[in-house]
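Got chain A sorted already, so can you dock chain B onto it with the hints?
Protein sequence lines correspond, in order, to chains A and B.
Per the numbering used here, the very first residue in the first sequence carries number 27; after that it's consecutive.
Per the numbering used here, the very first residue in the second sequence carries number 27; after that it's consecutive.
Calculated directly from the structure, the hints in this document are not laboratory data.
Please note that a few of the clues may not be correct.
[What the hints assert, rightly or not] The calculated label-pair distances, taken between Cβ atoms and stated as ranges, are: (1) B:A232 with A:A365: 26 to 34 Å; (2) B:H57 with A:E302: 33 to 41 Å; (3) A:L256 with B:D112: 37 to 45 Å; (4) B:D343 with A:R362: 21 to 29 Å; (5) A:R337 with B:G369: 38 to 46 Å; (6) A:P80 with B:D343: 52 to 60 Å; (7) A:G292 with B:G369: 51 to 59 Å; (8) B:P144 with A:R362: 36 to 44 Å; (9) A:E302 with B:D112: 54 to 62 Å; (10) B:R296 with A:P239: 20 to 28 Å; (11) B:G108 with A:P239: 18 to 26 Å; (12) A:P239 with B:P268: 48 to 56 Å; (13) A:R337 with B:R328: 29 to 37 Å.
[Unchecked claim] Among the chain A residues that face chain B by a calculated CB cut under 10 Å, a handful are: (14) Q123; (15) P268; (16) D271; (17) R272; (18) R287; (19) T313; (20) H330; (21) Y353; (22) I354; (23) A365.
Glycine included, every Cβ here is placed at the ideal spot set by N, Cα and C.
2 protein chains.
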Amino acid sequence: MTTVTASPVAAVEEALERIDARDPEIRAFVHVDAAGARRHAAAIERRGRERGGPLFGYTIGVKDLIDTGDMPTSYGSPIFAGHRPDRDAHVVRRIRQAGAVVVGKTVTTEFATFDPPPTRNPWDPACTPGGSSSGSAAAVAAGMVRAALGTQTAGSVLRPASYCGAVGFMPSPGWIGRTGIFECARSLDRVGFLARTVDDLVPLLAATAGVDPGDPASIRRPRARPRPALAPDRLRVGVLAPLLDRATPAMAATVRGTGERLAAHGADVRSTQPSETFEAGFAALHTLMRAEMAAVHEVLYRNHRGSYGPRIASIIDAGRRIRASEYISAQETRRRFRAELDGLFDDVDVLLAPAAVGAAERSHETVGDPVMNIPATLAGLPALALPAELSDDGLPLGVQLIGRRDDDHRLLDVARWLEDVVDFRSMPPLARAG
Amino acid sequence: MTTVTASPVAAVEEALERIDARDPEIRAFVHVDAAGARRHAAAIERRGRERGGPLFGYTIGVKDLIDTGDMPTSYGSPIFAGHRPDRDAHVVRRIRQAGAVVVGKTVTTEFATFDPPPTRNPWDPACTPGGSSSGSAAAVAAGMVRAALGTQTAGSVLRPASYCGAVGFMPSPGWIGRTGIFECARSLDRVGFLARTVDDLVPLLAATAGVDPGDPASIRRPRARPRPALAPDRLRVGVLAPLLDRATPAMAATVRGTGERLAAHGADVRSTQPSETFEAGFAALHTLMRAEMAAVHEVLYRNHRGSYGPRIASIIDAGRRIRASEYISAQETRRRFRAELDGLFDDVDVLLAPAAVGAAERSHETVGDPVMNIPATLAGLPALALPAELSDDGLPLGVQLIGRRDDDHRLLDVARWLEDVVDFRSMPPLARAG
Numbered sequence: 027m028t029t030v031t032a033s034p035v036a037a038v039e040e041a042l043e044r045i046d047a048r049d050p051e052i053r054a055f056v057h058v059d060a061a062g063a064r065r066h067a068a069a070i071e072r073r074g075r076e077r078g079g080p081l082f083g084y085t086i087g088v089k090d091l092i093d094t095g096d097m098p099t100s101y102g103s104p105i106f107a108g109h110r111p112d113r114d115a116h117v118v119r120r121i122r123q124a125g126a127v128v129v130g131k132t133v134t135t136e137f138a139t140f141d142p143p144p145t146r147n148p149w150d151p152a153c154t155p156g157g158s159s160s161g162s163a164a165a166v167a168a169g170m171v172r173a174a175l176g177t178q179t180a181g182s183v184l185r186p187a188s189y190c191g192a193v194g195f196m197p198s199p200g201w202i203g204r205t206g207i208f209e210c211a212r213s214l215d216r217v218g219f220l221a222r223t224v225d226d227l228v229p230l231l232a233a234t235a236g237v238d239p240g241d242p243a244s245i246r247r248p249r250a251r252p253r254p255a256l257a258p259d260r261l262r263v264g265v266l267a268p269l270l271d272r273a274t275p276a277m278a279a280t281v282r283g284t285g286e287r288l289a290a291h292g293a294d295v296r297s298t299q300p301s302e303t304f305e306a307g308f309a310a311l312h313t314l315m316r317a318e319m320a321a322v323h324e325v326l327y328r329n330h331r332g333s334y335g336p337r338i339a340s341i342i343d344a345g346r347r348i349r350a351s352e353y354i355s356a357q358e359t360r361r362r363f364r365a366e367l368d369g370l371f372d373d374v375d376v377l378l379a380p381a382a383v384g385a386a387e388r389s390h391e392t393v394g395d396p397v398m399n400i401p402a403t404l405a406g407l408p409a410l411a412l413p414a415e416l417s418d419d420g421l422p423l424g425v426q427l428i429g430r431r432d433d434d435h436r437l438l439d440v441a442r443w444l445e446d447v448v449d450f451r452s453m454p455p456l457a458r459a460g
Numbered sequence: 027m028t029t030v031t032a033s034p035v036a037a038v039e040e041a042l043e044r045i046d047a048r049d050p051e052i053r054a055f056v057h058v059d060a061a062g063a064r065r066h067a068a069a070i071e072r073r074g075r076e077r078g079g080p081l082f083g084y085t086i087g088v089k090d091l092i093d094t095g096d097m098p099t100s101y102g103s104p105i106f107a108g109h110r111p112d113r114d115a116h117v118v119r120r121i122r123q124a125g126a127v128v129v130g131k132t133v134t135t136e137f138a139t140f141d142p143p144p145t146r147n148p149w150d151p152a153c154t155p156g157g158s159s160s161g162s163a164a165a166v167a168a169g170m171v172r173a174a175l176g177t178q179t180a181g182s183v184l185r186p187a188s189y190c191g192a193v194g195f196m197p198s199p200g201w202i203g204r205t206g207i208f209e210c211a212r213s214l215d216r217v218g219f220l221a222r223t224v225d226d227l228v229p230l231l232a233a234t235a236g237v238d239p240g241d242p243a244s245i246r247r248p249r250a251r252p253r254p255a256l257a258p259d260r261l262r263v264g265v266l267a268p269l270l271d272r273a274t275p276a277m278a279a280t281v282r283g284t285g286e287r288l289a290a291h292g293a294d295v296r297s298t299q300p301s302e303t304f305e306a307g308f309a310a311l312h313t314l315m316r317a318e319m320a321a322v323h324e325v326l327y328r329n330h331r332g333s334y335g336p337r338i339a340s341i342i343d344a345g346r347r348i349r350a351s352e353y354i355s356a357q358e359t360r361r362r363f364r365a366e367l368d369g370l371f372d373d374v375d376v377l378l379a380p381a382a383v384g385a386a387e388r389s390h391e392t393v394g395d396p397v398m399n400i401p402a403t404l405a406g407l408p409a410l411a412l413p414a415e416l417s418d419d420g421l422p423l424g425v426q427l428i429g430r431r432d433d434d435h436r437l438l439d440v441a442r443w444l445e446d447v448v449d450f451r452s453m454p455p456l457a458r459a460g
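Next comes chain A alone, as it looks inside the complex (with noise of 0.2 Å):
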């Protein structure tokens, strides 16, 4: 297991000698650039600690989606293989300047979507690890590096960290820029983080957010509110029900029981019941994906078509189909979704809600259904997975902490002491992936 040290030489060393040893089974990877990330660790171990940058020690694996210099990109797809971008995304840009090293890139599902990948889930190789950040999930989960970076258009970051038992990181839009990713759905995509604890997302957090010139949403500041820690027995919290109604019983006794524990801790915990615009909610964000897909592929696609996927292909050729006035619509629907969800936080502090319909599906037929994870994306709210139980096949249930829009630092804040509580890495079978 990668851990926290002070020698990126060291880390490097044990995030290749892991790679080796669990990848030809995982297959998390896409491309491992061992010679880069050896040189590129000797350089920031000898400027040493004091001036090697917050993520000093820090192994990444980065999603393929996401554009590197020194590396081959292909977003998942055979139209790209090969593919050599000038240069890094801003993302990769800022880690690396905050001392990271990348130390290859990891498998997403073409150009984001669901078409399965090769990657196995570390807990059992006959279950899928989730999409489409599937390698960088799988990637932290198995060991291999501290840290990932994945992106999330509906459910991509937040779902494969719960199917693999790892942490997953949405922020608030705007906070991270994109200029550099392959664009899924602009108005939806996020970059997020995966990583083994609360603890590790914070600095890349702090390394990450500000202005990316090339990405108009990133311009704003993200806002500095700081707010006093909340004591746990000051904390409110809302367990979103109507997605409770979606998840499978074992999901559904999870975020139950998390509530319970969390409750007898002394935060206030009461069910939480959107009105009609909620649902109309989840429509609304397959129109919007549908649409802004069919029209980021629109040369592409023409050009390409044999080129594409069974399942990515069906979602271009209904997002041709749809009009404008319907997708306008749809923008509404968001407009009066993200007015909803902004007035529960009148009432409470942190939504809590499955990461997951349920565990990971014993299939490599399917990536599974983000639809624990539309709410947060569609409101434009930051998110976070945290592992929280075993189910009875021993695979791993997430919960889903959702936070007022930029208020980021608190949901960490949240989700820190919600990981002492629920202690997950102290579970016996955890040892097998890990």
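Frame of chain A; chain B shown alone:
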């Protein structure tokens, strides 16, 4: 002519007399509330100049697209004949709080589009006043009210201002909240003002700019970026060359002549030539406008199709056929267009262009072409039309000033100076209209 006066009561009497004398021919008003105006004027007069508010003594016409709680509001459509809104629109509430007296509702074209209204141009009743803020421009130009509220989606404030020899001003997006105004195309709609002098615009902007809780686009407070006033000999003016090519010879000569007069006063006047994105912008605006209108009218049009005029019906029909991916691609063009126009301000302080293609058409089959107003509208920049010359037929020709986004105060400063340089009011035939 309505003049600056300390007495709201006297101003209202002057306005009502002027309306009695001229409106039977001009038909600028759909509704005049003489009793209500007298009552409000008396109440404000009792408060006195000190406590009456910054719009003390202002008489105002409100475009009939904008709700008034005490007068009918029909949005120019027979479907809404006799409609009585519950309350004033946000901007109406703001001007009333500031001491203005609303005298009546001014003619809008049907749902603020292109079907010609009954209104006549005060300079020549055979000519169109332009649209869609037809009545607001005509009422101000004919001296029936001191100022009027309008709205602009393509060129609905600046073009009628130019046709009628009024000053028209469209502040930066988000400065004036739009709650209580019938949507035309939400991503383009803005509130604007018509007045006889630039000085009269300043308190109108001050009284109305700010947060409107019902309009998400107005959440952000206009940035106060006070800058030192520019001395005329430091002013850099860019003449938007591609728009001159679309203007009539008389209008092109007016804009060139205005540039020469500014240069004679020491300004640095140069020709500005944007790239190809500029041309793509015009088509993008039409795509956005048609698609958004089709979405707004979806249900109403299905139920009342026979009550729509031919021009708006054809826009909605075209809008219904637009695919979501075309709409998204038009949004992308707008983003590039906006970046390109923003970039022009690296070298200039203000752009100079025609405010309309030429003088008002001698026809009531058209309300004219908004093409000259599309750049500022699409790019989200503040813009102002100022009467500058008279055509050989004795019709006004307006020039347009376009400012940097959120730099509205500087735009007004430059316009005030230009107003002195041009000295339109001293032109001999002016008495005829005003």
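Now the hints, each set against the structure:
1. B:A232 with A:A365: 26 to 34 Å: Given about 29 Å between the Cβ atoms, the range holds.
2. B:H57 with A:E302: 33 to 41 Å: holds, 38 Å
3. A:L256 with B:D112: 37 to 45 Å: Holds, since A:L256 and B:D112 (Cβ atoms, about 41 Å apart) stay within the stated range.
4. B:D343 with A:R362: 21 to 29 Å: holds, 27 Å
5. A:R337 with B:G369: 38 to 46 Å: Distance hint for A:R337, B:G369 holds at roughly 40 Å.
6. A:P80 with B:D343: 52 to 60 Å: Given a distance of about 58 Å, which is inside 52 to 60 Å, the answer is holds.
7. A:G292 with B:G369: 51 to 59 Å: Given a distance of about 55 Å, which is inside 51 to 59 Å, the answer is holds.
8. B:P144 with A:R362: 36 to 44 Å: For B:P144 and A:R362 the Cβ distance comes to about 38 Å; the hint holds.
9. A:E302 with B:D112: 54 to 62 Å: violated, 24 Å
10. B:R296 with A:P239: 20 to 28 Å: holds, 27 Å
11. B:G108 with A:P239: 18 to 26 Å: The hint (18 to 26 Å, Cβ to Cβ) is violated, given that B:G108 and A:P239 are roughly 53 Å apart.
12. A:P239 with B:P268: 48 to 56 Å: violated, 27 Å
13. A:R337 with B:R328: 29 to 37 Å: holds, 35 Å
14. Q123: Cβ of A:Q123 sits 26 Å from chain B, so the hint is violated.
15. P268: violated, 24 Å
16. D271: Nearest chain B Cβ about 30 Å off; hint violated.
17. R272: violated, 27 Å
18. R287: Violated. Min distance 38 Å.
19. T313: Given a least distance of 8 Å, the restraint on A:T313 holds.
20. H330: Since the shortest Cβ distance to chain B is 17 Å, the answer is violated.
21. Y353: Given a least distance of 4 Å, the restraint on A:Y353 holds.
22. I354: holds, 4 Å
23. A365: For A:A365, the interface hint holds, since the closest Cβ of chain B sits about 8 Å away, which is under 10 Å.
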